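Model the full structure from these sequences, guided by the hints.
Residue numbers (the working numbering), protein chains in the order written: chain A, 1 to 275; chain B, 1 to 460.
Do not rely on the hints blindly, as some may be mistaken.
With a straight-line cut-off of 27 Å between C-alpha atoms, the simulated DSSO-like cross-links for lysine-lysine are [as the list claims (entries may be wrong)]:
1. B/Lys426 / B/Lys196
2. A/Lys162 / A/Lys116
3. B/Lys454 / A/Lys116
4. B/Lys454 / A/Lys122
5. A/Lys122 / A/Lys162
6. A/Lys100 / A/Lys52
None of these hints come from the bench; they were simulated from the model.
Note that the structure is a prediction, hence the values are computed from the model and not measured.
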Amino acid sequence: MTEATIPDASERDEQTVGKPQLEKKVSMSCRNVDVFYGEKQAIFDVSLDIGKHEVLAMIGPSGCGKSTFLRCLNRMNDTIDICRVLGSLRLDDEDIYDPKMDVELLRARVGMVFQKPNPFPKSIYENVAYGARIHGLTRDKTELDEIVENSLARAGLWEEVKDRLDDVGTGLSGGQQQRLCIARAIAINPEVILMDEPCSALDPIATATVEELIDELRQRYTIVIVTHSMQQAARVSQRTAYFHMGKLIEVDKTDRIFTNPGHELTEAYITGRFG
Amino acid sequence: MNLFVYFIVFVLLSIGAYWYGRRYSLGLVSRDRRRLHSLPQYYGYYVALWSVVPAFLMLLLWLFLDQDLIVHLVSAGLPESIKSLSPDELGLYLNDVVNLAKGNITSSEGDAIMQQAAAHYRHLLQISHMALGIAVTGSVVAGAAFSLHRIRPDFRSRPRVERMVKWLLVLSSSIAILTTVGIVLSVLFEAIRFFKIIPLTDFLFGLQWSPQMAIREDQVGASGAFGVVPLFAGTLLIALIAMLVAVPVGLMSAIYLVEFSGSRMRAWAKPLLEILAGIPTVVYGFFAALVVAPVLRSAGESVGLQVSSESALAAGLVMGIMIIPFVSSLSDDVINAVPQAMRDGSYALGATRAETIYRVIVPAALPGIVGGVLLAVSRAIGETMIVVMAAGLTANLTVNPLDSVTTITVQIVTLLVGDQEFDSPKTLAAFALGLVLFIATLLLNVLALHVVRKYREEYE
Numbered sequence: 001m002t003e004a005t006i007p008d009a010s011e012r013d014e015q016t017v018g019k020p021q022l023e024k025k026v027s028m029s030c031r032n033v034d035v036f037y038g039e040k041q042a043i044f045d046v047s048l049d050i051g052k053h054e055v056l057a058m059i060g061p062s063g064c065g066k067s068t069f070l071r072c073l074n075r076m077n078d079t080i081d082i083c084r085v086l087g088s089l090r091l092d093d094e095d096i097y098d099p100k101m102d103v104e105l106l107r108a109r110v111g112m113v114f115q116k117p118n119p120f121p122k123s124i125y126e127n128v129a130y131g132a133r134i135h136g137l138t139r140d141k142t143e144l145d146e147i148v149e150n151s152l153a154r155a156g157l158w159e160e161v162k163d164r165l166d167d168v169g170t171g172l173s174g175g176q177q178q179r180l181c182i183a184r185a186i187a188i189n190p191e192v193i194l195m196d197e198p199c200s201a202l203d204p205i206a207t208a209t210v211e212e213l214i215d216e217l218r219q220r221y222t223i224v225i226v227t228h229s230m231q232q233a234a235r236v237s238q239r240t241a242y243f244h245m246g247k248l249i250e251v252d253k254t255d256r257i258f259t260n261p262g263h264e265l266t267e268a269y270i271t272g273r274f275g
Numbered sequence: 001m002n003l004f005v006y007f008i009v010f011v012l013l014s015i016g017a018y019w020y021g022r023r024y025s026l027g028l029v030s031r032d033r034r035r036l037h038s039l040p041q042y043y044g045y046y047v048a049l050w051s052v053v054p055a056f057l058m059l060l061l062w063l064f065l066d067q068d069l070i071v072h073l074v075s076a077g078l079p080e081s082i083k084s085l086s087p088d089e090l091g092l093y094l095n096d097v098v099n100l101a102k103g104n105i106t107s108s109e110g111d112a113i114m115q116q117a118a119a120h121y122r123h124l125l126q127i128s129h130m131a132l133g134i135a136v137t138g139s140v141v142a143g144a145a146f147s148l149h150r151i152r153p154d155f156r157s158r159p160r161v162e163r164m165v166k167w168l169l170v171l172s173s174s175i176a177i178l179t180t181v182g183i184v185l186s187v188l189f190e191a192i193r194f195f196k197i198i199p200l201t202d203f204l205f206g207l208q209w210s211p212q213m214a215i216r217e218d219q220v221g222a223s224g225a226f227g228v229v230p231l232f233a234g235t236l237l238i239a240l241i242a243m244l245v246a247v248p249v250g251l252m253s254a255i256y257l258v259e260f261s262g263s264r265m266r267a268w269a270k271p272l273l274e275i276l277a278g279i280p281t282v283v284y285g286f287f288a289a290l291v292v293a294p295v296l297r298s299a300g301e302s303v304g305l306q307v308s309s310e311s312a313l314a315a316g317l318v319m320g321i322m323i324i325p326f327v328s329s330l331s332d333d334v335i336n337a338v339p340q341a342m343r344d345g346s347y348a349l350g351a352t353r354a355e356t357i358y359r360v361i362v363p364a365a366l367p368g369i370v371g372g373v374l375l376a377v378s379r380a381i382g383e384t385m386i387v388v389m390a391a392g393l394t395a396n397l398t399v400n401p402l403d404s405v406t407t408i409t410v411q412i413v414t415l416l417v418g419d420q421e422f423d424s425p426k427t428l429a430a431f432a433l434g435l436v437l438f439i440a441t442l443l444l445n446v447l448a449l450h451v452v453r454k455y456r457e458e459y460e
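Right under this line is the structure:
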């Protein structure tokens, strides 16, 4: 069976299977999150914890709301006028949708890497220094140089670009551009990094490099990654969340999801019956 | 009148030919259109084009040539005494003949010879019209017969019509191009005539502009100085003031419209801004001359400044207002073309909107904005009506915006207004100025297009 209609889950009203909530080391906690685009509801009552220093993969068929949910975590949905977010989303026990919340600081703490590499049409150096400059993180040029070097090194790009920091970032290869975007995100030392299908525009070798990088970054950061590739989810993540038509169907340890899924929809998806 | 009749006849003929060609092709296959190579209307178009186009071209050619031909024939029939006149006088005489024949007012009373020549002219004209009628009818008939003769069920009329349509389009575009080339060449040749009288170096580097020439030897106070520098300086001063108004205001309103305004605000603010571009420049002109200039003058007086009533400032300010929509709509386009991914990337790093605009969007859009500004500059340099009404006529070489200056366009207008002799440097100077203006704006446009094109490749 190659192509099948996606089973309808909108009528079901059941609890998320698995372990959406954690007891300790919680970085972000989301409770009863609903998201609307105008009249249309895109996310239905999602509750999910994201643990510190874990890689959480979000999988599910196209249009299931995983990217929408990801963009709630650093309020990138604010740029869409008709988008409304209900429920509670907390980062280290601070309500991120509190009107008093400083959105710019939130986004500095919750960085993001996009599907398509989007370096600025500036030099490699300026791309990485951008965040540090706008947040005033450094006292002088030496500190800024240090931040740029460290970030590029942590993104595994330093050796490749150290002799041409003044070249434009858009001139790098796709995989290098994506690592540059990761370096740019970690240069302001975020707590959480959100990745929205970071490898979907890359070739297999570049993908492998980025995946290794994600594994290393876990030492310092919490990572939430949306992916279309179940192999990628299996390779890089510790926990996996399966979204289906705006609902969080199942969350559990990654190996458990892929070996012994608790919900029939999860099983149907990972065995490739639709998607 | 005659031409209008021909036009109506051609329209009716082509409709008739279309209808007949279509019917004829269907008749060949006993109304089973599947057996025709092309759709029936293509046979109709084919017949219509063949009937009308050659006849129309013939008519045009005739209209171009017949007057000259007839006049030539008439002059050949004149007595020796008149033929031996100098070419200029002969030309005048023939002019009179033609005018007499047409019943217009003539400059001299016609004598018997002229009357006779006029009668000869009328006679030839009649023959010519008759011949034209016959030739056109013959061409229509021949074209229709030829095309109908070629129509067979397997005749491929569709690609033929396609080719004819292509040539029609080529013709239209070449009319536009050739006209431009013609204008440039005529300006160039007249300018060369001017430079034979006034040396090019005097023109380009002279600091004095006073184009009054003595018409008679004994006239006083008019020697004629054709130094273009003060005009250029005045043009650039006014253009600079205009850009100082238009660039910041236009750019910022574009940024507001793209980045900040909601879609409903944008829906009415943008057309409203573009209305500014629709105001005739003559309205801007009297606005500058009658409202802005007096206000500036009295404001200047109240703080003890000497402001000329035709100051560069007044003309420049109003010209700046006029150019705002130009700058804003071009910047609007390039700012809109900056990919959303750039904005997202910046927001995701915790930048505010203003920081994103200042650090990412404007730098990314800068080449396009520069291109738009350069186009606006060439518009400002070529603008005429506002400066004719609001800027002065005296060619002051000054950088003081409160003084009156004059521009190249203003001088072209003043040189050509009224009766002029067409061999005096004063008149020819207009062509030289036109050429300079054309080259300046052309260079600016080429530069602008180059910059804009370079920018286009940036994100691909």
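Comparing the hints with the structure gives:
With a C-alpha separation of about 13 Å, the suggested pairing of B/Lys426 with B/Lys196 holds against the 27 Å cut-off. Between A/Lys162 and A/Lys116 the CA atoms are separated by roughly 23 Å; this keeps the pair inside 27 Å, and the hint holds. Our distance criterion of 27 Å between C-alpha atoms is met by B/Lys454 and A/Lys116, whose separation comes to about 23 Å. At most 27 Å may separate the alpha-carbon atoms for a hinted pair to count; B/Lys454 and A/Lys122 meet this at roughly 16 Å.
Pair hint A/Lys122 plus A/Lys162 holds up; C-alpha atoms about 16 Å apart against a cutoff of 27 Å. Pair hint A/Lys100 plus A/Lys52 holds up; C-alpha atoms about 25 Å apart against a cutoff of 27 Å.
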